[in-house]
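Given only the sequences and the hints, what does the whole structure look like? Please build it.
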Amino acid sequence: MRLSKKAAPYVFISPFYILFFIFGAFPIIYSFFLSFHIWDGISPKEFVGFENYIFVLTDPWFWQSVWNSLVIFILTTIPQHIIALFLAFILNSNLVKLKNLFRSSYFLPYITSSVAVSMVFGMLYGEHFGILNAILKYMEKFSLIGAMFNIINLKLPIRWLGEAAWIKPSIALLVTWQFTGWNMIIYYAGLQNIPESLYEAAKVDGANMRQVFFKIILPMLRPVILFGVTLSIIGNLQLFEQPFILTPDRTGGSGRAGLTTALYLYRTGFNWNMFGVGSAMAYILCVFIIILSLINSKIFQKR
Amino acid sequence: MKSKTNLKTVIVDTEKNKRSWMEKFNKTILYLFLSFGVGITFFPFYYMLVLATRSREEIFNFPPPLWFGGSSWDNLQILLEKLPFFQNIFNSIIVSSLATLLVLFFCSLGGYGFAKYNFKGKEKLFFLMLASMMIPSLLSIIPWFIMMRYFGWINSFKPLIIPGAANAFGIFLMRQFMEDIPNEIIDAARIDGAGEFKIYYKIALPLSKPGLATLSILTYLGAWNNFMGPLLVLQEKSKYTISVALSKLNGNFETPWGATMMGTALGVLPIVIVFILASKRFISGLTAGATKG
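So the protein sequences, as listed, match chains A and B.
Taking UniProt numbering, the leading residue of the first sequence gets 1, the next gets one more, and so forth.
Taking UniProt numbering, the leading residue of the second sequence gets 1, the next gets one more, and so forth.
Since the hints were derived computationally from the structure, they do not count as laboratory data.
Beta carbons are placed, not taken as given, at the ideal position from N, Cα and C, and that holds for glycine.
One should not assume that every hint holds.
[Claimed, not checked] The list that follows gives simulated cross-link-like pairs (lysine-lysine, DSS-like), each with its CA atoms no further than 25 angstroms apart:
no.: 1; chain 1: B; residue 1: K280; chain 2: A; residue 2: K99
no.: 2; chain 1: B; residue 1: K122; chain 2: B; residue 2: K198
no.: 3; chain 1: A; residue 1: K5; chain 2: B; residue 2: K120
[Claimed, not checked] Per label pair, the in silico range of CB-to-CB distance:
no.: 4; chain 1: A; residue 1: N193; chain 2: B; residue 2: F60; range: 47 to 55 angstroms
no.: 5; chain 1: A; residue 1: I54; chain 2: B; residue 2: F60; range: 44 to 52 angstroms
no.: 6; chain 1: B; residue 1: F151; chain 2: A; residue 2: K215; range: 54 to 62 angstroms
no.: 7; chain 1: A; residue 1: K6; chain 2: B; residue 2: I40; range: 53 to 61 angstroms
no.: 8; chain 1: B; residue 1: Y201; chain 2: A; residue 2: E200; range: 39 to 47 angstroms
no.: 9; chain 1: A; residue 1: S14; chain 2: B; residue 2: F151; range: 18 to 26 angstroms
no.: 10; chain 1: B; residue 1: L101; chain 2: A; residue 2: R2; range: 20 to 28 angstroms
no.: 11; chain 1: A; residue 1: I290; chain 2: B; residue 2: V272; range: 33 to 41 angstroms
no.: 12; chain 1: A; residue 1: W67; chain 2: B; residue 2: G121; range: 41 to 49 angstroms
no.: 13; chain 1: B; residue 1: F42; chain 2: A; residue 2: K6; range: 51 to 59 angstroms
Right, dumping it as structure tokens:
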């Protein structure tokens, strides 16, 4: 059999569309269908109209999970992108050697599985045996730092994963550690695309480092920042492994403070077999992701 | 004209002199800052290895151990009592390797189709493909699971290999690399009577090795680290991939921490070693693929 030049491209790209139709598009449509039904996966489906949507939208646990996801998103995205930009800027500035070594090192957490790093962080966060509390306890001995801890009313040991107030920061710290390197690579690639002549012109005009950063680099990187933050929105609002492994009972921990929407969706769908409610929840979550992405593109799109 | 250039160099030179001591000072701080970052990045990995060599009692000591102990063998024994751990690693290798092979084939084929042909509906099909990348995966997870059950694919590796075999990201990446292949070579091959598939196989594929390398590492990592899919479909201990196996170790009060860390280390280290060996090529391939076009 010989492919004609006309038919060849269609044959070459068709596997994607076939697989996408079966495993991507069809489940999305079927999910929409399910979201209007009550179904436990075994008994016959029962059409209920918008009941599932109303159930989800009036469910305090759902709103709490959205709030949790948003707080974790903010707590991790802001430091993550600022540090990543800063690191990329330093590594791109020709001031330091061993660039490859630094780049690879920072990228390492990104390539390791979320399950594995969550387990390790679970150990770091241990209340009585964790290294983080041990470091804090050691630091407390210095009178100045001890006084500071007193002022902010920090009581040691911190119950990182045991106390509602600390669960979200603990998850956010892990996510920041995990994904800063990835963002740094994106920004580094973006910086490499800024033409050298722009820097030279700035140098001739007598611009200092700070001016170069704020007047040239930031505006030029806008599309890259938009891309990076959009990925953070999609990723963070679907955060699952980290809270699943880190919260002791896998239900979000004390006060459900670590119950992200993805975790709640998983429990609704697969622990309680409420497929219809879970599907409605997925659609509502998707709307939130779209809204956040639109806000983000309003902020970072070239004006 | 000449005086102007001279003036420019003079300005730049004085600027350089003024900044040289500043730069020296800055450099030390920059290196300190960068090294501190590297320390924070590596510490959890180091600590994982330390705990993997420590007994349960030692782990709960205060202050916590910071150096390796002598319980690695015991931890490994406990781990193997709880799980068929080497089977789990083997499962991950099988799943990740098969997934990677299929992705390399289908995505390079698709990427070649988009990079080197003009055909009706190309723009629209390409846009549809890119748009599919933005769809949150949670949207389809419930029906996806129902489908797998309906197909009888529960407790098999098929759901972890087949649905992603031709994915938008891979095709996009391969297209970036294949656009650089000169059209003249392809036309010459056509004149010599080579078929379309043969041109892809004999010319486009060998010429896009850097792209294939990047895609294979990314796919292998993705499959190795995949969690929710395997968690949903794999039900027997002997079928678990490494991520699922690890997740089943912790989560109750009798968690054998040393053994758990031993398992985590064994699951993570092969990937870390492969990455360290290939990181330079991988990251440059990633940045090249991300910024071209």
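Evaluation of the provided hints:
no.	hint	in the structure
1	B:K280 with A:K99	holds, 10 angstroms
2	B:K122 with B:K198	holds, 22 angstroms
3	A:K5 with B:K120	holds, 13 angstroms
4	A:N193 with B:F60: 47 to 55 angstroms	holds, 51 angstroms
5	A:I54 with B:F60: 44 to 52 angstroms	holds, 48 angstroms
6	B:F151 with A:K215: 54 to 62 angstroms	holds, 57 angstroms
7	A:K6 with B:I40: 53 to 61 angstroms	holds, 56 angstroms
8	B:Y201 with A:E200: 39 to 47 angstroms	holds, 46 angstroms
9	A:S14 with B:F151: 18 to 26 angstroms	holds, 21 angstroms
10	B:L101 with A:R2: 20 to 28 angstroms	holds, 26 angstroms
11	A:I290 with B:V272: 33 to 41 angstroms	holds, 36 angstroms
12	A:W67 with B:G121: 41 to 49 angstroms	holds, 44 angstroms
13	B:F42 with A:K6: 51 to 59 angstroms	holds, 54 angstroms
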